[in-house]
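Colleague: Here is how the chains run, residue by residue.
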Amino acid sequence: MTAWSATVNRPLRDISGMRSGALPRAAFSVLLSLVLLAPIVLTGGTGGEKFSLETLMRALADVRGIDAAFREIREVGILNEPVILTGILRYRAPDYVKKQVLLPRRESIEINAEELYIDTPETGQRRLRLDDYPAIAVLVESFRATLAGDLDSLRRYYRTTLTGTFDNWRLRLRPIDEAMAEQVKAVAISGRQARVLSITTLETGGARSVMTITPTNS
Amino acid sequence: MSHMHATNRSITLLIWLAAIFVCAWLAATQVTVSTDLDAFIPADGVAADLLSELREGPAQRLILMGIAGSTEQARAAISADLSARLANTGLFTRVANGENLMKAGEQRLLFSHRYMLSPRMGARGDVPFDAESLREALEARLQELRSPVPVTDSSGLTADPTREFYAVLHALSGGERPATRRGVWFSRDGARALMLAETKAAGLDLGAQDKAVKTIETTFADVTGKRHGARLELSGAPVFATASQDTIRSTVTRLSTAASVATALILLLAYRSGLVLLLATVPLASAMLVAVVTASLMFGEIFGITLAFGMTLLGVAMDYPVHVFSHRRRDEAVDGTLRRVWPVLRLGVISTALGYTAMVTADLPGLKQLGVFAIAGLLTAAAVTRWVLPALLPAGWTPTHAGAGAWMDRLLKPRPWLALWLVTACVAILIVTLRSDPVLWEDELASLSPIPAAALAVDKELRSGLGAPEPGYLAIITAPDAQTALVRSEWLATRLEHMTDRGLLQGFDMAARYLPSARTQRARQAALPPPDKLRADLERSQAGLPFKPGAFEPFLRDVQRARTAAPLGLKDIAGGALGARVESLIFARGNEWVALAPLSGVNNGKVVAAWFAERQAWVRYVDLKAATGNLMAHFRDTGLNRFAWGAVLIVALLAAGLRDWRMVIASVEPVALAVVVTVCALLALERDGLTLFHIVSLLLVVGICIDYSLFFSHAGLEGRRHTLHAVLVCGASTLVVFAMLAMSSIPVLRAIGLTVGIGVSASFLLALVLAPQLTRPRP
Chain A
1 MTAWSATVNR PLRDISGMRS GALPRAAFSV LLSLVLLAPI VLTGGTGGEK
51 FSLETLMRAL ADVRGIDAAF REIREVGILN EPVILTGILR YRAPDYVKKQ
101 VLLPRRESIE INAEELYIDT PETGQRRLRL DDYPAIAVLV ESFRATLAGD
151 LDSLRRYYRT TLTGTFDNWR LRLRPIDEAM AEQVKAVAIS GRQARVLSIT
201 TLETGGARSV MTITPTNS
Chain B
219 MSHMHATNRS ITLLIWLAAI FVCAWLAATQ VTVSTDLDAF IPADGVAADL
269 LSELREGPAQ RLILMGIAGS TEQARAAISA DLSARLANTG LFTRVANGEN
319 LMKAGEQRLL FSHRYMLSPR MGARGDVPFD AESLREALEA RLQELRSPVP
369 VTDSSGLTAD PTREFYAVLH ALSGGERPAT RRGVWFSRDG ARALMLAETK
419 AAGLDLGAQD KAVKTIETTF ADVTGKRHGA RLELSGAPVF ATASQDTIRS
469 TVTRLSTAAS VATALILLLA YRSGLVLLLA TVPLASAMLV AVVTASLMFG
519 EIFGITLAFG MTLLGVAMDY PVHVFSHRRR DEAVDGTLRR VWPVLRLGVI
569 STALGYTAMV TADLPGLKQL GVFAIAGLLT AAAVTRWVLP ALLPAGWTPT
619 HAGAGAWMDR LLKPRPWLAL WLVTACVAIL IVTLRSDPVL WEDELASLSP
669 IPAAALAVDK ELRSGLGAPE PGYLAIITAP DAQTALVRSE WLATRLEHMT
719 DRGLLQGFDM AARYLPSART QRARQAALPP PDKLRADLER SQAGLPFKPG
769 AFEPFLRDVQ RARTAAPLGL KDIAGGALGA RVESLIFARG NEWVALAPLS
819 GVNNGKVVAA WFAERQAWVR YVDLKAATGN LMAHFRDTGL NRFAWGAVLI
869 VALLAAGLRD WRMVIASVEP VALAVVVTVC ALLALERDGL TLFHIVSLLL
919 VVGICIDYSL FFSHAGLEGR RHTLHAVLVC GASTLVVFAM LAMSSIPVLR
969 AIGLTVGIGV SASFLLALVL APQLTRPRP
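In order, the protein sequence lines correspond to chains A and B. Numbered according to the numbering used here, the first sequence spans residues 1 to 218. Numbered according to the numbering used here, the second sequence spans residues 219 to 997.
Keep in mind that the hints are not guaranteed to be accurate.
[As the list claims (entries may be wrong)] A few chain B positions that, by computed beta-carbon distances, are all more than 10 Å from chain A:
(1) 288
(2) 306
(3) 312
(4) 381
(5) 490
(6) 549
(7) 615
(8) 630
(9) 709
(10) 712
(11) 798
(12) 847
(13) 850
(14) 878
(15) 953
[What the hints assert, rightly or not] Listed next, the in silico DSSO-like pairs over lysine-lysine satisfying Cα-Cα at most 27 Å (straight line):
(16) B:321 with A:185
(17) B:418 with B:432
(18) B:418 with B:321
(19) A:185 with B:766
(20) B:418 with B:843
(21) B:429 with B:418
Just so you know, these hints were derived from the structure itself, not from any lab. None of these values were measured; they are calculated from a predicted model. Ideal Cβ positions, reconstructed from N, Cα and C, are used throughout, including at glycine.
Between the sequences and the hints, there should be enough to build the whole structure, so can you do that?
Modeller: Below, the structure written as structure tokens:
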């Protein structure tokens with residue numbers, strides 16, 4: 001640090017009382033300091049840290065609640081048109097998620113810690129235990145853990161791959177459990193900074209579902 | 219003379235040693251102890267159905283497991299680990315802790331036969347897969363694809379839009395519907411993870427079942443290793459059988475050690491000689507060896523029960539050398555003593571052995587073997603005492619008769635008034651007992667079981683949590699072949715369902731539930747629509763729904779194939795989870811096939827039994843409790859019958875041997891009175907009645923008492939002290955041993971101990987007072 005400040009200061013003194021041969025040396029010093037300063041100037045906003053899954057998770061964990069509209073487009077092999085679901089997504093840190101579908105018909109799935117509530121027109125509201133439905137639990141965990149910034153939980157069930165930058169990141173999750181992996185190939189979550197914008201689920205059978213999330217609160 | 223005597227001695231010893239070695243070698247190589255109760259029970263008549271259930275019934279092979287303690291997560295993890303390891307041991311036909319995982323090959327087989335196996339096909343009536351039902355199914359599938367979390371597998375839809383395969387799997391899990399947490403079975407309150415395992419070993423094969431139970435325990439210890447706090451609760455018929463065996467074995471070991479020590483002490487006290495101790499065991503040991511080998515060779519194997527019982531009965535063999543020792547006089551050779559003692563001893567031995575002959579004629583293999591065992595043992599003991607013991611005794615050796623003295627003469631003085639009083643007392647006891655109308659016979663098997671109440675409580679909790687059937691009620695169908703058995707089972711199923719609706723029982727299980735008969739399968743096939751009709755109906759049902767045209771070609775293809783496929787048979791499913799399930803419920807026995815239908819939650823046993831009684835001959839109903847009660851009664855009646863015959867034979871022999879009616883009465887009267895007194899005392903003490911074990915022990919009492927009364931009635935004035943000393947020593951040692959048995963908590967041992975303990979005391983008193991009285995030389 002002291003060498004650096006010395007390097008910064010010296011060119012100024014040299015410029016104020018310059019002799020003719022000192023110019024190339026001064027230019028070199030300025031260039032050097034610019035090179036050293038560049039990473040700090042370029043990243044901005046992360047307080048000086050490198051972008052990684054840990055930093056992303058920390059940023060996401062700071063978000064205490066989300067109210068958003070979602071639009072899910074599901075392509076299923078045997079259907080000749082995609083299934084389109086629209087509705088409201090609500091999240092409260094650290095373990096409350098509710099997916100309320102409004103179209104094509106009203107139904108919802110709501111998770112609150114260990115409890116699972118399913119509401120359909122046929123069965124009405126049913127209260128179940130998430131533990132009894134491990135398949136649902138693991139799938140829901142893929143985005144609940146992401147929204148909550150819970151890296152440990154995420155890594156327990158998925159292999160994680162992060163690409164992109166903080167402004168435009170993409171997290172690819174592949175299930176660790178073999179039985180799960182037979183059905184779901186991967187879940188890809190992408191977003192900007194601390195906002196999750198889309199969740200894509202790829203099934204091994206070829207079916208694909210893309211859910212885009214538009215936050216209604218800023 | 220003495221030289222020849224010495225030669226004779228050596229020859230006798232050599233012969234005896236040779237015989238012992240041969241027997242020992244035979245015992246080590248040829249003798250197998252069978253713990254299989256199968257052979258102990260007669261295979262026909264009253265017990266045939268009972269035996270079938272006990273031997274092959276699935277309920278008798280079911281082990282219930284509960285994992286308690288630690289955290290819920292740990293319990294679930296242990297459950298998964300334990301079930302995987304147990305499935306690999308090969309000792310169980312199935313191990314279930316939650317979803318029954320089937321191998322891929324078996325899943326494919328069931329999937330391809332789903333339209334013949336699915337129970338819903340029968341309920342659809344004559345027209346399955348018409349346009350309306352297909353529409354319903356397709357709409358439901360569409361809804362699933364549109365649900366907020368579509369975790370359903372869409373790939374199976376094209377071939378199975380009505381989810382017939384799920385219906386088949388659902389039916390397989392049958393009656394067991396425990397609560398599930400974390401994917402494995404748990405009790406309702408979550409305090410225990412639940413599992414069950416069905417042993418390959420049959421219900422009566424105690425040795426193999428013991429192995430299975432022990433394997434579970436060691437595997438659990440391996441699995442929990444570092445996870446503290448988790449404990450395993452086991453229950454079920456195999457566990458009870460194993461626990462009973464262990465309890466009995468440890469108690470018997472403890473008691474025999476104590477008994478041996480006590481007997482040794484008494485002998486030492488009476489004779490103050492270590493040699494006596496050594497020599498007294500010679501006839502007994504020889505007797506046991508020969509008895510084991512004889513019984514084993516005659517029957518092919520020796521039952522564990524016979525061994526245990528027989529060794530008890532042979533305890534009387536200890537008395538023979540004691541008589542020799544007590545009658546030893548300083549001035550005579552050993553041969554002389556024997557010549558004095560032998561006639562009486564011989565008579566006693568032969569009459570006792572004759573009593574056991576009656577048992578040999580019984581139709582129960584167990585009693586037969588016991589009879590042979592006892593006879594061989596007793597004759598050997600007597601022979602060894604007569605010929606080998608003198609060869610072993612140093613010439614002129616006379617042990618001290620410690621305690622003998624003038625008091626004996628006073629004791630032995632004839633007391634006519636005392637004799638009369640005693641006889642009157644016995645008659646009085648008899649009258650009192652008859653008047654009190656006691657419960658005569660104990661027929662409940664449960665009373666003989668040494669299982670503590672705590673274990674039964676655990677069993678109840680695990681059973682209700684798992685929904686496992688109680689091994690109580692069973693319907694048995696017989697048929698000439700497997701398919702007929704299945705058809706008949708299906709007929710019975712409809713009737714049993716009616717009964718369930720009426721509340722007479724809660725449920726039932728049978729092979730036909732998992733594998734329908736070929737006839738039913740073919741009927742379902744015939745009802746499947748022809749391809750063009752199905753295609754037309756499918757198109758109609760698809761109208762307006764967003765499924766791609768031609769999406770369900772696999773479904774059309776599979777239905778078409780199912781219309782002509784061969785029905786699934788027993789051979790096709792053998793080896794898998796379904797096969798194991800079915801094989802425990804339908805199997806070949808001899809030249810017929812047997813299908814079992816365990817019933818659960820029978821509320822009104824009488825009504826159900828009455829209904830079955832009116833049906834055809836090929837369906838029978840077994841109430842396990844009642845059947846075992848009948849079996850116990852049968853055993854007991856046989857034993858009683860044999861006892862009576864034995865008594866008659868003994869009296870006849872004594873009459874022939876003694877040739878003096880006064881002597882005969884002198885020998886027989888104390889015995890008869892002793893039996894009467896013993897039985898009355900037992901009826902007073904055993905509130906619930908007597909069992910077979912009491913009767914067999916009474917035979918031992920008779921044998922002992924005959925010995926005493928013969929000796930007392932024969933004793934001349936000079937020999938009376940010796941006789942008294944001998945009988946006191948015999949009586950004391952017998953009493954001590956059986957008193958220990960009487961204090962045991964195991965009902966069978968207690969029965970034997972009480973009977974013989976009381977019997978010996980009564981015998982001694984009665985023989986002492988009555989026998990000399992009756993043979994008192996007329997003045």
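Colleague: What are the numbers of the hints the structure violates, in ascending order?
Modeller: none
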